[in-house]
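Participant: Each chain is listed here by its residues.
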Amino acid sequence: MWDYTKKVKELFLHPKNIGEIGNPDAIGEVGSMICGDALRLTLKIDEKSNKITDAKFRTFGCASAIASSSALTEVIKGKTIDEALKISNQDIADYLGGLPKEKMHCSVMGREALEAAIANYRGEKKAPEKEEKIICECFEVSEEKIRKVAIENHLTTVEDITNYTKAGGGCGSCIPEIEAILKDIWFVKPVPEKPAMPKKLTNLQKIALIQDIIEKEIRPRLQADGGDLELIDIEGNKVIIGLRAMCVGCLMGDVTIKGIEDKLKELVSDDITVEVG
Amino acid sequence: MKTIYFDNNATTRIAPEVLEEMEPYLIDLYGNPSSMHTFGGQLHNKIEEARAKVGGLIGAEPEEIVFMSCGTESDNTALKSAIESYPQKRHIVTTRVEHPAVFNFAKHLARKGYRATFLPVDNRGRLDMDAFSKAFDDDTAVVSIMYANNETGVIFPIEEIGGILRERKILFHTDAVQAVGKLPIDLKRLPIDMLSLSGHKLHAPKGIGALYVRKGTRFYPYIIGGHQENGRRAGTENVGSIIGLGKACELAGKNLEKETAYLSKLRNKLERNLLKDCPDVRINGDTEHRLPNTTNISFEYVEGEAILLRLNEYGICASSGSACTSGSLEPSHVLRAMGIPFTAIHGSIRFSLSRYNTEAEIDKVSEIMPKIIKELRELSPFGKEKIKK
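First to last, the sequence lines map onto chains A and B.
The first sequence maps to residues -14 to 262 in the numbering used here.
The second sequence maps to residues 25 to 413 in the numbering used here.
Hint data in this document are derived by calculation from the structure and do not stem from the laboratory.
Remember, predicted model here, so these are calculated numbers, not experimental data.
Just so you know, not all the hints are guaranteed correct.
Not everything, but these chain A residues come out facing chain B in the computed CB check (under 8 Å) [as the list claims (entries may be wrong)]:
hint: 1; residue: Phe(-3)
hint: 2; residue: Pro0
hint: 3; residue: Ile3
hint: 4; residue: Gly21
hint: 5; residue: Cys47
hint: 6; residue: Ala48
hint: 7; residue: Leu228
hint: 8; residue: Ala230
Once the Cα atoms are required to be at most 30 Å apart in a straight line, the calculated DSSO-like pairs of lysine-lysine come out as [stated by the list, open to error]:
hint: 9; chain 1: A; residue 1: Lys243; chain 2: B; residue 2: Lys136
hint: 10; chain 1: A; residue 1: Lys41; chain 2: B; residue 2: Lys408
hint: 11; chain 1: B; residue 1: Lys26; chain 2: A; residue 2: Lys1
hint: 12; chain 1: A; residue 1: Lys1; chain 2: B; residue 2: Lys398
hint: 13; chain 1: A; residue 1: Lys1; chain 2: B; residue 2: Lys408
hint: 14; chain 1: A; residue 1: Lys118; chain 2: A; residue 2: Lys201
hint: 15; chain 1: A; residue 1: Lys(-8); chain 2: B; residue 2: Lys398
hint: 16; chain 1: A; residue 1: Lys29; chain 2: B; residue 2: Lys408
hint: 17; chain 1: B; residue 1: Lys408; chain 2: A; residue 2: Lys(-8)
hint: 18; chain 1: A; residue 1: Lys201; chain 2: A; residue 2: Lys248
hint: 19; chain 1: B; residue 1: Lys395; chain 2: B; residue 2: Lys408
hint: 20; chain 1: B; residue 1: Lys113; chain 2: A; residue 2: Lys29
hint: 21; chain 1: A; residue 1: Lys118; chain 2: A; residue 2: Lys130
hint: 22; chain 1: B; residue 1: Lys113; chain 2: A; residue 2: Lys201
hint: 23; chain 1: A; residue 1: Lys243; chain 2: B; residue 2: Lys158
hint: 24; chain 1: A; residue 1: Lys(-6); chain 2: B; residue 2: Lys398
hint: 25; chain 1: A; residue 1: Lys(-9); chain 2: B; residue 2: Lys398
hint: 26; chain 1: A; residue 1: Lys(-6); chain 2: B; residue 2: Lys26
hint: 27; chain 1: B; residue 1: Lys136; chain 2: A; residue 2: Lys223
hint: 28; chain 1: A; residue 1: Lys133; chain 2: A; residue 2: Lys243
hint: 29; chain 1: B; residue 1: Lys395; chain 2: A; residue 2: Lys(-8)
hint: 30; chain 1: B; residue 1: Lys388; chain 2: A; residue 2: Lys(-6)
hint: 31; chain 1: A; residue 1: Lys(-9); chain 2: B; residue 2: Lys388
hint: 32; chain 1: A; residue 1: Lys191; chain 2: B; residue 2: Lys104
hint: 33; chain 1: A; residue 1: Lys201; chain 2: B; residue 2: Lys104
hint: 34; chain 1: A; residue 1: Lys62; chain 2: B; residue 2: Lys398
hint: 35; chain 1: B; residue 1: Lys408; chain 2: A; residue 2: Lys(-6)
hint: 36; chain 1: A; residue 1: Lys(-9); chain 2: B; residue 2: Lys26
hint: 37; chain 1: A; residue 1: Lys62; chain 2: B; residue 2: Lys408
Ideal placement from N, C-alpha and C gives every residue a C-beta, glycine not left out.
For reference, chain B alone in the conformation it holds in the complex:
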């Protein structure tokens, strides 16, 4: 059975071009870039080339890019750096819909005595800008607001947010793990001080990420040790993956416009089909400001894990905000923050696409999904009257 992978916000396939570029550095050129001999030392240049490519995708100077081990490390480092750099400030601002890498770190700081503000969103997942404008004061060390949401794909008005914070001289970090490679981002123009990105969301391998730190921003490292990354992130460089991330960013930049159009065409077709063929469904999130590859759909009267495991039988991969899939009993904090009724959260399914998906796959899922929903609704004690109609 051929896998239909519609879970690209979870992780992506390594692009063949990326793997090819990495291969020599995983096999023959295994040196340590810090070494004095050429065998290791020559890798330093390759890392700098990759740094320039990563910067190139987001309009950053190479020296503003610090390689990290993943998106989470990048997010944690940004927040930790902010509070270490401004020890007299005891307040941070973030949102109720952040990825756990920011959300739980903010809660951790709150337990340590920091004041943490978690900004609300409306029922379409849009940031409450009124609450935002009142949230910060002179005690605020950092504001961390995600670029685009991983569950719904909703994009926040980062430029406007950054502009307001720049005026107030408050440090601004954004978790752009889902946005980089999917949206055009130009940090020369955007008022952002720190930005996190992750390799495996854009067809580079897992275990590599980067933090953009704008020139002139106070910075304090999280991982302390050797001199690597200009003293901003200790630890021997993950050479192969850094080179892979560089290549992946180059590819993303080259095809961004074309890919965006392709992905939104596929996504919109899938949405149209499912809305047409399944009664009692709703799209979660602001469809006007949304990543081109993501859709989050609630199927009433059925539970997400059951849907996913039925899809699994056809080799179709997706994810759900249902409680049963998370390992905890609590359903998605993002959909709850949006005030989506519990009944709709339990039946929520996220499809997230990539350049490797095809229209044939969309057709296949469009055909199978209504069947699964119908079968599971037959099993469900709810919604019977409506279905009969």
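Bound conformation, chain A alone:
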């Protein structure tokens, strides 16, 4: 059972500012029912003073998601939008007397809804989804969000990132990427460049290299998740593999194959394609 503070329990059982403002000046919507939490924030903003005069929310989610949403509306009321934008997810968590670390993503959702609402008020269009690089496919978390939350909350481990953004909490296949992002943020030394490839590999060299990468880099990762694969054949640049163990019938099969292809493209040659035999 979660160790919620009195304030979380109070705001969960008796949330304030529930509902939706009619004819709102700003709307912020984040999350989705599929991800397990979602928040719709509506604001009334005074045009002259830029002050938030009213805020209401509707939230789908657990106790801490509901309490975080309620806390957010309490904190921002009466503030100008510039003041409100200075509120961090940590401020929301502090208002609640703290959140279990696994639930910090609820406070992040509050902060995101606020940003979305203010962007909506200012008429800023959200950058088109496609430009964002999605790192975590399971919970659709972008690299941008991971970087932002990591820096704002000084997060240094993958576990922290998962607690704050959910990224890495599903199938886990993006964990190496999250690690690389964290290294990039916190390590003074740049991530070492990949070794320079000889310009043209002979076929035998290429086959040996592909075998080596599959054995040392790809299979251990799949096996860690209960999956496995077998290298069946290499025809030119076409690598034919068979999925084994938990990979068979896995819903993430296509993502896995794409991941293997990307890895081989990166380390061997851009022309590599991967197919299931």
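Here the structure of chain A is known, so what remains is to put chain B in place on it, guided by the hints.
Facilitator: Positioned in the frame of chain A, the structure of chain B alone reads:
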């Protein structure tokens, strides 16, 4: 506030008769059954009596029962024994809806290089028998398929499965932790080689379980050490709890038929009430083949943890397949395997009853639940149009 405990698939109350039977062995008769003196040695007979009672509930001979520390140890031991006994075989078969005690052990074996097949289920949680019949071959060391599912209560066709495997001479283990004490099980008739059961699911204490190993089945112990349990499970016997498990099995056997009827009457009433008074709900799982005490209901547009904590305010205990309650971010693997939409999984609640629940409690929950759902839906950004209707 009086607790209304509707979470009996998680654990159960120790029956007063069980506690009474155990008490002397926790206080005065604390000897070690392996000792030469009477003070300890006399306990050996009590353990054998308990073994006969456990066997009696499931139609097994006493010597086919090995006491373990819990259901998980029993499941792990069965799988480990199978692969140790057939070292040349490198394949195991189980299902996508198993309890973690089997599911994660199978994944562990897969990481070690075993081939593991995880059989699918349909949207009502029924085993894909077509996939089952193609799943095993001469390389298969063991097939482990649960008797009844802990989350949905769905019962698998164990007799049919066992019959097919018996014909093919493939070892068959079933995790019957949720079934023993709730369903009549006769191992004289059923083609099962190994079966796991757990004490605290049938009103015995936590920390005791048993593995049934059919006579003639190859067996290799998991816990290695002393000679206890005929060399099949080392470690000084948990005397009090073994005696408690014996008593609990005796009680379960005596009242099985009556209790089944009582529990399904209560469960059906609860279901009827909730379906009537809450819009947009669905029952998860095959209602025709289901444990009498279990119901798994999805309430659309609201999240399970929020429901549980509101219920908690009234002293009502239940559980949920929602991600937020599991400590991980992933919702129930069982409901996902059934292809239940995520929206319905997040709002899924399991009520599981026991002989100690009453009709008054059912009425109370039937009254409170629709109120909670209505309040939480007011809070939710989803489903507004429908609710207005």
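Participant: Confirm or reject each hint.
Facilitator: How the hints compare with the structure:
no., hint, in the structure
1, Phe(-3), "holds, 7 Å"
2, Pro0, "holds, 7 Å"
3, Ile3, "holds, 6 Å"
4, Gly21, "holds, 5 Å"
5, Cys47, "holds, 4 Å"
6, Ala48, "holds, 5 Å"
7, Leu228, "violated, 12 Å"
8, Ala230, "holds, 4 Å"
9, A:Lys243 / B:Lys136, "holds, 25 Å"
10, A:Lys41 / B:Lys408, "holds, 16 Å"
11, B:Lys26 / A:Lys1, "holds, 29 Å"
12, A:Lys1 / B:Lys398, "holds, 17 Å"
13, A:Lys1 / B:Lys408, "holds, 19 Å"
14, A:Lys118 / A:Lys201, "holds, 26 Å"
15, A:Lys(-8) / B:Lys398, "holds, 23 Å"
16, A:Lys29 / B:Lys408, "holds, 21 Å"
17, B:Lys408 / A:Lys(-8), "holds, 28 Å"
18, A:Lys201 / A:Lys248, "holds, 12 Å"
19, B:Lys395 / B:Lys408, "holds, 16 Å"
20, B:Lys113 / A:Lys29, "violated, 68 Å"
21, A:Lys118 / A:Lys130, "holds, 10 Å"
22, B:Lys113 / A:Lys201, "holds, 26 Å"
23, A:Lys243 / B:Lys158, "holds, 29 Å"
24, A:Lys(-6) / B:Lys398, "holds, 19 Å"
25, A:Lys(-9) / B:Lys398, "holds, 24 Å"
26, A:Lys(-6) / B:Lys26, "holds, 20 Å"
27, B:Lys136 / A:Lys223, "holds, 29 Å"
28, A:Lys133 / A:Lys243, "holds, 27 Å"
29, B:Lys395 / A:Lys(-8), "holds, 23 Å"
30, B:Lys388 / A:Lys(-6), "holds, 23 Å"
31, A:Lys(-9) / B:Lys388, "holds, 27 Å"
32, A:Lys191 / B:Lys104, "violated, 41 Å"
33, A:Lys201 / B:Lys104, "holds, 28 Å"
34, A:Lys62 / B:Lys398, "holds, 27 Å"
35, B:Lys408 / A:Lys(-6), "holds, 25 Å"
36, A:Lys(-9) / B:Lys26, "holds, 22 Å"
37, A:Lys62 / B:Lys408, "holds, 25 Å"
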